[in-house]
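Let chain C serve as the given structure and place chain E on it in line with the hints.
Top to bottom, those sequences are chains C and E. Under our numbering, the first residue of the first sequence is numbered 1, with each subsequent residue one higher. Under our numbering, the first residue of the second sequence is numbered 1001, with each subsequent residue one higher.
Keep in mind that a hint or two might mislead.
Listed next, the in silico DSS-like pairs over lysine-lysine satisfying Cα-Cα at most 30 Å (straight line) [said to hold, decoys possible]:
id : chain 1 : residue 1 : chain 2 : residue 2
1  : E       : Lys-1129  : C       : Lys-106
2  : E       : Lys-1169  : C       : Lys-169
3  : C       : Lys-198   : E       : Lys-1198
4  : C       : Lys-129   : E       : Lys-1169
5  : E       : Lys-1198  : E       : Lys-1061
6  : E       : Lys-1061  : C       : Lys-129
7  : C       : Lys-61    : E       : Lys-1129
8  : C       : Lys-258   : C       : Lys-276
9  : E       : Lys-1169  : C       : Lys-61
10 : C       : Lys-169   : E       : Lys-1198
In case anyone wonders, no lab produced these hints; they're calculated from the structure.
These are the residues of each chain, in order.
Number of protein chains: 2
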Amino acid sequence: MPFYQYFNGEIFPISAALFETNDLGLLRGYGLFDYFRTYNGVPFRWDDYWQRFENSATLLKLTVPLSQQETSKILADLHALSEEQEVAFRFVLTGGYAPDSVNVVKPNFLIRTEALPQDNPAGRLKGIKVLPYEYVRDLAEIKSTNYVHMVLMAEEMRNQQAADLLFYKDGEISELTRSNIFLFKDNVLITSDQNVLKGITRKVVMELAQPFFEIQVRPVAYDELMSADEVFTTSTTKWVMPVVQIGNHTVGNGTAGKNSLFLQGLFEDMVTEWGK
Amino acid sequence: MPFYQYFNGEIFPISAALFETNDLGLLRGYGLFDYFRTYNGVPFRWDDYWQRFENSATLLKLTVPLSQQETSKILADLHALSEEQEVAFRFVLTGGYAPDSVNVVKPNFLIRTEALPQDNPAGRLKGIKVLPYEYVRDLAEIKSTNYVHMVLMAEEMRNQQAADLLFYKDGEISELTRSNIFLFKDNVLITSDQNVLKGITRKVVMELAQPFFEIQVRPVAYDELMSADEVFTTSTTKWVMPVVQIGNHTVGNGTAGKNSLFLQGLFEDMVTEWGK
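One chain only, chain C, in its complex shape (with noise of 0.2 Å):
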């Protein structure tokens, strides 16, 4: 696993100091980011999840200074460099080097190879405990580099032996930290389009979900939650991920739904064959 990295054009070992110390994203934390990763090699949905970080990038009027063939590229070269099989990516696109440290010049772009972050078999099959958390990220459609209350809450986290915050305002839910929250009432889908970041596994669920499910995409209310028969959430890391405990509240019995657990099959039948 020799990991490297592209910034600004060339590429250097992972651990290499790159970042001149005027950057935006660093003084103004003015950047966005992006992660997938690959199965059997290839990267999934690299189409989508590209597409949405030229879509953030967008609204951070931030100009990407490739193209996604010139991108390709240059993913294939870090992935063989990285001498393994599967690798994630993580792209940093920030405001660059500001003189005046407020006025964007030059975007400044990073991307690094990561190991493949460790997966949570036992939560998969049992489910997870999140925390309620009274919070609504700032423009939710981009996916930005301020995660600022996921670090500042990771001890109590880990004292709560929960894996994750769950996001409401004025009585609306909308997301978890780093990934977006479905739940099943009377066998209809229900997740949220308010104030979310629109994940990429969280399409691939909806396209899974299509043929079996009523589908609703909509605002949702705490209380919703707090009645639902199955609440689960999907990220690019905790592919169909069960939540049997909001805080005190559990799930219905506190084990992972039946329905729940029929779309993360269904998940994993999809990455399993991914680019075969």
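Then chain E, alone, in the frame of chain C:
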């Protein structure tokens, strides 16, 4: 002006690339900063700035790796290396390098020496225009690195010949992007204590105003601002800067108010004599 910077125990030229790319400030926006300057070669209100810096760090659960005394010594070294009479210092403390991109292991501590901010003497005499902007800063009492809206709106501000944004939400005003806001109504000086970063210049100006004016520190309604006799903003770089236009609304008769200019004069006298 050979400016240098301190980073985790060593001194480097100011343009050195220092940050590895898994820093939590960069990847997760988990960072805070502070910024101050010298007058007559002496750091202005250094105890106040240090205290605020430490307070921000405490609220983000980060440990400042140096004492104030150790830091003073570094400031003196950086100042001497700059060969300048006056400099500005920017402290940045991030969550440091995180193998899992979530949990803080050891903060990174950076001190940049910077050229003095560009003065705006015309603005100080004539006053500036600001744009009302519906937003409230998250964790406002922390001087975090999150200035996404400021950078995002930089071009719009230039287009509208505005110098800054004025944050308001739910009928109350809080602050500008990087400065506090005051108003005079019937010779009473009023400033908000809600969702604001407590500026050192704000504190100094209240000390200077104390013998001359009644001061109210309390929630301030947007409507009060609209009927104010005078408005001004305070910061390390702006001193006491009259605000004469808020979007399309003209404050008072559209010129710098006499009370504002009086306080500006007191502040100017103070910094002229600082350290002498």
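Legend entry - Violations among the numbered hints: Structure breaks hints 3 and 4.
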